[in-house]
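Q: Protein chains in written order, with our numbering: chain A, 66 to 300; chain B, 66 to 300.
Please note: incorrect hints may appear among the correct ones.
Unchecked claim - Chain A stretches covered by chain B per the calculated footprint, using a threshold of three residues with CB under 8 Å from any CB of chain B:
1) 101–109
2) 119–127
3) 284–293
What the hints assert, rightly or not - Here are the simulated BS3-like cross-link-like pairs (lysine-lysine), alpha carbons at most 25 Å apart as the crow flies:
4) K139(A) / K155(A)
5) K179(A) / K90(B)
6) K90(A) / K152(B)
7) K152(A) / K179(B)
8) K90(B) / K90(A)
9) K155(B) / K155(A)
10) K152(A) / K152(B)
11) K155(A) / K152(B)
12) K152(B) / K270(A)
Hints are computed from structural coordinates only; laboratory data are not their basis. Glycine included, C-beta positions come from ideal geometry on N, C-alpha and C.
Spelled out, the chains give:
There are 2 protein chains.
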Amino acid sequence: MNLLLLEDGDFIAEDRVRLSGRRLKHMLEVQQVAPGDSLRVGRLNGLMGSGQVLQLDTEQAELSISLDQAPPAKLPLTLLLALPRPKMLKRVLQTVSSMGVQRLILLNSYRVEKSFWQTPFLTPEAIREQLILGLEQARDTVLPEVIIEKRFKPFVEDRLPALAAGTLGLVGHPGDYPSCPRVVEQAVTLAIGPEGGWIPYEVEKLAEAGLQPVQLGARILRVETAVTALLARLF
Amino acid sequence: MNLLLLEDGDFIAEDRVRLSGRRLKHMLEVQQVAPGDSLRVGRLNGLMGSGQVLQLDTEQAELSISLDQAPPAKLPLTLLLALPRPKMLKRVLQTVSSMGVQRLILLNSYRVEKSFWQTPFLTPEAIREQLILGLEQARDTVLPEVIIEKRFKPFVEDRLPALAAGTLGLVGHPGDYPSCPRVVEQAVTLAIGPEGGWIPYEVEKLAEAGLQPVQLGARILRVETAVTALLARLF
Chain A
66 MNLLLLEDGD
76 FIAEDRVRLS
86 GRRLKHMLEV
96 QQVAPGDSLR
106 VGRLNGLMGS
116 GQVLQLDTEQ
126 AELSISLDQA
136 PPAKLPLTLL
146 LALPRPKMLK
156 RVLQTVSSMG
166 VQRLILLNSY
176 RVEKSFWQTP
186 FLTPEAIREQ
196 LILGLEQARD
206 TVLPEVIIEK
216 RFKPFVEDRL
226 PALAAGTLGL
236 VGHPGDYPSC
246 PRVVEQAVTL
256 AIGPEGGWIP
266 YEVEKLAEAG
276 LQPVQLGARI
286 LRVETAVTAL
296 LARLF
Chain B
66 MNLLLLEDGD
76 FIAEDRVRLS
86 GRRLKHMLEV
96 QQVAPGDSLR
106 VGRLNGLMGS
116 GQVLQLDTEQ
126 AELSISLDQA
136 PPAKLPLTLL
146 LALPRPKMLK
156 RVLQTVSSMG
166 VQRLILLNSY
176 RVEKSFWQTP
186 FLTPEAIREQ
196 LILGLEQARD
206 TVLPEVIIEK
216 RFKPFVEDRL
226 PALAAGTLGL
236 VGHPGDYPSC
246 PRVVEQAVTL
256 AIGPEGGWIP
266 YEVEKLAEAG
276 LQPVQLGARI
286 LRVETAVTAL
296 LARLF
């Protein structure tokens with residue numbers, strides 16, 4: 066936790082918060098905070114700044130808060146991700162959040178196992194939990210937007226063309242395609258497939274919607290690694 | 066597993082292997098292979114090609130092997146990594162292996178908890194197991210070299226200058242430093258710190274050994290994500 070992230074419900078006055086639970090535990094056990102100590106804090110979807118510990122015990126902590134700093138800019142990116150397996154999903158959500166992705170769309174694909182859609186990690190609360198861990202890691206306060214699209218074809222045919230309009234549209238896909246571009250200046254819509262990749266029909270449909278296939282070399286990377294590598298290259 | 070990786074002990078003739086255990090299980094349960102099927106194979110530290118399943122049952126599989134393809138090139142990179150916590154270590158080893166790092170040095174640092182050095186994941190067998198999973202993922206056959214250095218100062222003072230000589234030496238470190246360069250042509254020696262980062266003394270010692278600090282923006286990334294992002298940017 067590199068940033069103590071505060072929610073509206075934590076504020077007991079305009080410049081004062083009271084914390085308990087996970088964040089208090091982290092302050093006590095990992096950071097070993099004492100009264101008087103100053104911590105880096107941020108308000109969810111708001112500014113960042115510092116918090117001074119006024120008092121703390123095993124039940125709660127009270128901090129005086131001063132917020133004056135904008136969070137880091139988001140990447141101008143809509144990331145379409147074929148729904149990963151549950152264990153990978155948790156990590157990918159953290160990665161996406163910590164790298165500053167603006168909007169994530171979790172999409173079905175032929176190679177997404179049907180059981181993946183049943184995971185409890187897809188509830189709004191579970192998604193939010195992982196996104197917040199990513200923000201705390203990266204020192205950001207702004208949650209990415211997450212959209213779930215269980216049906217590939219209607220989404221890609223009916224909604225994706227408008228979403229991708231005016232952006233650089235890309236599909237990460239191994240094969241005889243141009244290399245993924247570097248350091249682009251414009252907004253990007255990037256689709257990354259499941260383990261085993263998109264099927265040819267899906268690559269075609271994504272191309273019809275304005276997303277052109279690009280590759281990242283001969284090595285096949287895990288989804289989480291591919292996401293990070295493509296983002297680090299594009300921005 | 067995107068590549069069935071074969072070891073010398075698997076060969077019962079020059080062009081024939083017999084497999085059991087983990088790889089057989091994967092062929093049966095995940096890939097659902099049948100006699101006559103063709104699989105992508107590689108020989109550890111050797112060539113890649115294809116294997117045809119001659120027979121298989123729940124005890125063993127026999128394949129006829131043809132190898133004619135070079136594995137993908139390694140990145141000309143020596144990666145110095147402050148020893149991550151055991152759970153992260155496993156994943157980082159896979160990532161390093163799948164991204165094609167040539168040499169990995171696991172190093173001590175002030176912020177590496179002493180207990181991390183006690184993990185069973187640091188035995189040669191455990192390290193090799195994770196590296197092999199990375200090679201199978203990425204379709205590579207060549208194990209990276211892994212060196213363990215438990216003492217920061219003697220390594221950085223006595224051995225690092227010679228290792229880094231003639232390479233672009235970099236330390237990933239947040240702060241008011243130049244951005245990490247992109248698409249370098251030369252060999253690189255890159256040091257990545259622990260959670261919480263290198264301490265100033267360590268950054269100084271690494272700089273004296275020829276490694277200059279570079280940063281990757283305001284966001285603090287987990288070690289595994291930082292490794293991938295820096296490599297994707299450099300190469």
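Q: Evaluate each hint against the coordinates.
A: Each hint, compared with the structure:
1. 101–109: n = 0 at 8 Å, threshold three: violated.
2. 119–127: violated (count 0)
3. 284–293: Since three or more residues must qualify, the claim that chain B covers the region 284–293 of chain A holds, with 6 doing so at under 8 Å.
4. K139(A) / K155(A): Satisfied, since the Cα-Cα distance of roughly 20 Å is no more than 25 Å.
5. K179(A) / K90(B): Roughly 22 Å between the alpha carbons, so the hint for K179(A) and K90(B) holds.
6. K90(A) / K152(B): 21 Å, holds
7. K152(A) / K179(B): 28 Å, violated
8. K90(B) / K90(A): 42 Å, violated
9. K155(B) / K155(A): 17 Å, holds
10. K152(A) / K152(B): 14 Å, holds
11. K155(A) / K152(B): 15 Å, holds
12. K152(B) / K270(A): Not OK: K152(B) and K270(A) at ~39 Å, beyond 25 Å, violated.
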